[in-house]
Every structure is written in C-alpha cells, then in structure tokens.
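A.B. asks: Sequence lines, in order, name chains A and B.
With my numbering applied, the first sequence corresponds to residues 41 to 309, in that order.
With my numbering applied, the second sequence corresponds to residues 41 to 308, in that order.
Some hints could be false.
[What the hints assert, rightly or not] DSSO-like cross-link-like pairs, simulated, lysine-lysine; straight-line CA separation at most 30 Å:
(1) B:Lys-212 with A:Lys-133
(2) B:Lys-212 with A:Lys-307
(3) A:Lys-309 with B:Lys-302
(4) B:Lys-212 with B:Lys-235
(5) A:Lys-298 with A:Lys-107
[Unchecked claim] Here are some chain A residues pointing at chain B (derived, C-beta under 10 Å):
(6) His-114
(7) Ser-139
(8) Val-234
(9) Asn-241
(10) His-247
(11) Thr-284
[What the hints assert, rightly or not] Computed beta-carbon distance windows for the label pairs:
(12) A:Lys-307 with B:Pro-160: 45 to 51 Å
(13) A:Ala-112 with B:His-64: 54 to 60 Å
(14) A:Ala-296 with B:Pro-205: 48 to 54 Å
(15) B:Gly-255 with A:Ala-144: 45 to 51 Å
(16) A:Thr-103 with B:Gly-255: 32 to 38 Å
(17) A:Ala-295 with B:Leu-280: 48 to 54 Å
(18) A:Gly-274 with B:Leu-280: 44 to 50 Å
(19) A:Gln-115 with B:Lys-302: 16 to 22 Å
(20) B:Ala-306 with A:Thr-160: 51 to 57 Å
Calculated directly from the structure, the hints in this document are not laboratory data.
All C-beta atoms in this analysis are idealised placements derived from N, C-alpha and C, irrespective of residue type, glycine included.
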Amino acid sequence: MSLRLGGGSVNVMGRIDIMNNEEKNSMKARCKVVGLASAILVVALGLLYSGGSVNAAAAGQITGSVKLDGTAPHQKPIDMAKEPSCAAVHKDKPATTESVVAAANGGLENVVVYITQGLTGSEPVSTQSVEIKQEGCQYVPHVVAVDAGQHLKIVNSDQTSHNINAQSTKNPAWNKSQPAGAPPLDATWNNEEVAIPVKCNVHPWMHAYIVVVKGPYGVSDDSGSFNLDNVPPGTYTLTAWHETYGTQTQTVTVAAGKPATVSFTFKAK
Amino acid sequence: MPGKAFAVVVAIITLVIAFCVITHVWWMPVDISAHGPKIDRQIEETIFGAGILFIAGQLVLASFAFLYGDSKGARKMKAFPGGAKSLIVFACVVVGVEILVLSFIGSKAWASVYFTPPDPDSLRVDVQAEQFAFYFRYPGPDGKFGPLHPELINEGTQNYFGLDPEHDADAKDDIVTAGMAIPVNKPVLLTLHSKDMGHSFDVRELRIQQDFVPGIVIPIHFTANQTGKFEIVCTQLCGLGHYNMKAYLEVMSQADYDNWLKQQAAMQ
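Isolated chain A, as found in the complex (with noise of 0.2 Å):
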C-alpha cells in the first residue's frame, strides 16, 4: 500500500520536473507578454481615468462655504476614563462632543452640501471609496458623505474593540463589531439618507453620521468651505445639511468650465 503511494508520487515530481524542463522558456516568454499587456492596459486606463476627470472639470464645479451666525454651543468635554488607552490619547487636550464644529472666523464644520434637484440620475457613481476611522475612540471625520452605492471603508486604529451601528431607517440596519486590528470593513447604502446616526454600543459617546446622497457632493472643512466636482452644467437645487441646525436649499446655475460660488448661513440658535 505505502510502496503504491510512493511510487505514484514520485511518478507525480517527476512529471512536474520534466515539464519545468520543457516548458520554463516558453513560460517565460508568455509571462513576458502577459506583463506587458497589463502595463498598457493600466496606462490605457490611467489616461482614460484622467481624460474623464478632465471633461468633468469642464462639466462644471460647485465650490462654497458654510458660515455660522452667532456664537457655537458650549461642547461638552467627554470623560474616558472607563477605556484607559483612548483616555490616554486625549490626556493634553479632552474630547468633547461635536454637535457643533466652527472655526474663530465663523466656517462651520460638518455641513453636507448635495443636489436635491435638476439631477438626471444618471450620473456615474465614483468607484473611490471614502474613509471613516474610529481613532482614540472618536469617528473621524465626525460626519461623512457618500455616494448612494459608494463604498465605505471604516478603519479602527484603536487597541479596543468597537462595534459601528449605523440606524438607518431608509436602509437595511447594519451594525457590525470590529476588534483590535480587525481588517477595514467595507460598506455600501443604496438608498438616499440624510442621515443615519451612528454610535458605538461599546463607548456610547461615539457618535458620526452618515449621510447617503445621489450625486456629487461636499462636505464642508475646518473653514467651513467645500466643493462639489463632476457637476453637469445646469440649474440646480442645492441642499445644506447639518446635524444640528437642519437643512436649507439654493438655487444655483452651473455653467461649463466655470465654478459656480454658493456661500451658506446658519443662525445659532
């Protein structure tokens, strides 16, 4: 039985040997070939990719910003002390909540600017995916936009657990728990939705929203400005959206090559 086996095998390498012998330069030459063919195909798309951003460019663009009127909400400092290695992150500076984010010259922070009208809905949705990282057991960014089937990437850089329960109401509940250095995990909603609140069950002070929209968007910085690429030429509504002051709307008109300028404000309440 064993002596059958043997033999078998060494039938077995020995084919393997004669076929490395006979076969490893025309091998070569077809991994050669292959190799090169996926260059060209890589630049091919690479110019392709290019030359399709470009003509978006000239499609038009939407750039802004948002202000705050008045003076921000007091920000509640978050005490962590129940998870040491994220309280030990934020040991100069605390946390605090971040219901309301502006800067000294009054740019709010966190704002969704997206197409609510004048859309054909047939625009492409981009294959980029956006990042959200969960990091000294905070959301960053603490407010994300994408794209109704546009994939999320969430990242946890953190040495504890967390679990990412997004209660969408317009899209199926997701609610997925991520260890320690845990791979990325990857998302996608397919329903419009401003906005599904987010939390983590494990550090109930995390909080972010995601918000699912169809079409280019922004999402206003630090300054308070944003942009929106890719927008065809046309006469559009224009919504802002903020966690905590709502939303409001422009019309603004987008001409070919040029940018249009929008500029928001919202009164503190």
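Following the hints, complete the assembly by docking chain B onto the known chain A.
C.D. replies: What follows is chain B alone, placed relative to chain A:
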C-alpha cells in the same frame, strides 16, 4: 493501583482547597462598606456549612476509591447499602433542611441591607445603565433632580439621561458624570435606571450587587468607610460589549469630593 492513585489525588486536592479557604489565601476582596460585615459573616457561615459537607463528601469518595477502586468484578456493588430509595430521601431531606436554614439566616442579613430605610441625609446619586456603560447624575446645589425625558436621550450631545435644562429649572444644575465619586463615611442612596435592558450594579468591595430592570427605578443604599478606587461592573450578561461595561467608583474625603464635584460641574 489507579484507584489508589485517584483516591490520593482527590484527598490532596480537597485538603489544599480547604487549607486555602480556611487560611483566607483564597478569600473575598477587602470590605469597604458599613453593612459588609453582616454579609461576610453570612458567607462565612455558608462556606463553613457547605465546606464541612464538601470535605466529608470528598474524603468518603477518596476512601471508597482507595478501598474498592482496584478490585475487579467480584466485589462490584449491586445496590447502595440499605437500598437507594431511603438514601435518596435521606439526602434530599438533609440538603433541603440545610438550604432552608441558610436562606432563613441569610435573608436576615439581606433584609438588613435592603429592607431598612435610607438615611434621610443620604447623598443621592442617579445611575443610568445602558449598553454598554454607566452614567451618574448628581442633583447639584439645589439638591433636586430634573425630570427625565427619555425621548431627549442623545449620545451626540452627551445627554445620557434625557435632561431638558432649557425648560426644567431643576435640571439646570444637574451634574452628569462618567465616573462615580462619593465621600467616605457618608450614607449614599442610589437610584438605578436602565435605558434599554437588564444590567447590574456590582462593586465587590461594597458587597453590593443589584440588578437594573428597565422601567423600574430601584433604590439601594450603603455607606463606604474606606477611601480608594474600585471597579463598578455589570454582572448581568447584556450583549456583545458586556465584558467592557464598567465604571470606576472613587471613595474620597469630603474635601476631595467637593473639589471633584466642582470640576465635574465645570465640565457640564
């Protein structure tokens, strides 16, 4: 031979465990509560009663294994000596009486903690349990808690209790904290609320373990008589983050406590 070896191992394990318990090598953590000695005495009595039965049972098992463990076939027992029925009835009565006696004596210690009214001058602290954390509320200078509005609970603004300081005067100065501090030797009255499901409030050193029940406000009172930092844990399995549901209790001098409360009030 294996029977005798087994008997020796059983006897050694029994005696080592008994030694460790009797000499308090294995024992409960330090007791920092005024009512703790009663609970500890009750536990000691229970361990004493159960311990005698444990040692006796293990040694009987060991001696039977030693005497008959290695013999073959011929000396196999066909039935319990005296018949199994009477033995089982006897065992049930003995164990039943023991349990009844323990619960009657034990309920006295338990009732002395749970069925006594709290000191009228107690420090009141509200506890909110949720998946998976504890939050605490102090009434502030007015000594009154503002009413709770569960629909206003919002993690984004750290409103864990659902307070409405804009409309409720009593809620204006309420202090919500993630850790709990109390002055030493001061009677404390906790009121336990649960936001979502069953949890429990357990501080081993306080000899306090009380479940939270959603929809019911459960009072519990105690006095801590030693300073230090202790862990508050949830001991009622409540979901995936149960293992990490904890907070810290700091027992401090009255002066330290006043400072701590001032700091917390400034952080609201």
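A.B. asks: Taking the hints in turn, state whether each one holds.
C.D. replies: We went through each hint and held it up to the structure:
no.	hint	verdict
1	B:Lys-212 with A:Lys-133	holds, 26 Å
2	B:Lys-212 with A:Lys-307	holds, 24 Å
3	A:Lys-309 with B:Lys-302	holds, 28 Å
4	B:Lys-212 with B:Lys-235	holds, 21 Å
5	A:Lys-298 with A:Lys-107	holds, 23 Å
6	His-114	holds, 8 Å
7	Ser-139	holds, 5 Å
8	Val-234	violated, 15 Å
9	Asn-241	holds, 5 Å
10	His-247	holds, 4 Å
11	Thr-284	holds, 8 Å
12	A:Lys-307 with B:Pro-160: 45 to 51 Å	holds, 48 Å
13	A:Ala-112 with B:His-64: 54 to 60 Å	holds, 57 Å
14	A:Ala-296 with B:Pro-205: 48 to 54 Å	holds, 52 Å
15	B:Gly-255 with A:Ala-144: 45 to 51 Å	holds, 46 Å
16	A:Thr-103 with B:Gly-255: 32 to 38 Å	violated, 52 Å
17	A:Ala-295 with B:Leu-280: 48 to 54 Å	holds, 53 Å
18	A:Gly-274 with B:Leu-280: 44 to 50 Å	holds, 48 Å
19	A:Gln-115 with B:Lys-302: 16 to 22 Å	holds, 20 Å
20	B:Ala-306 with A:Thr-160: 51 to 57 Å	holds, 54 Å
Of the numbered hints given earlier, the model fails hints 8 and 16; all others are met.
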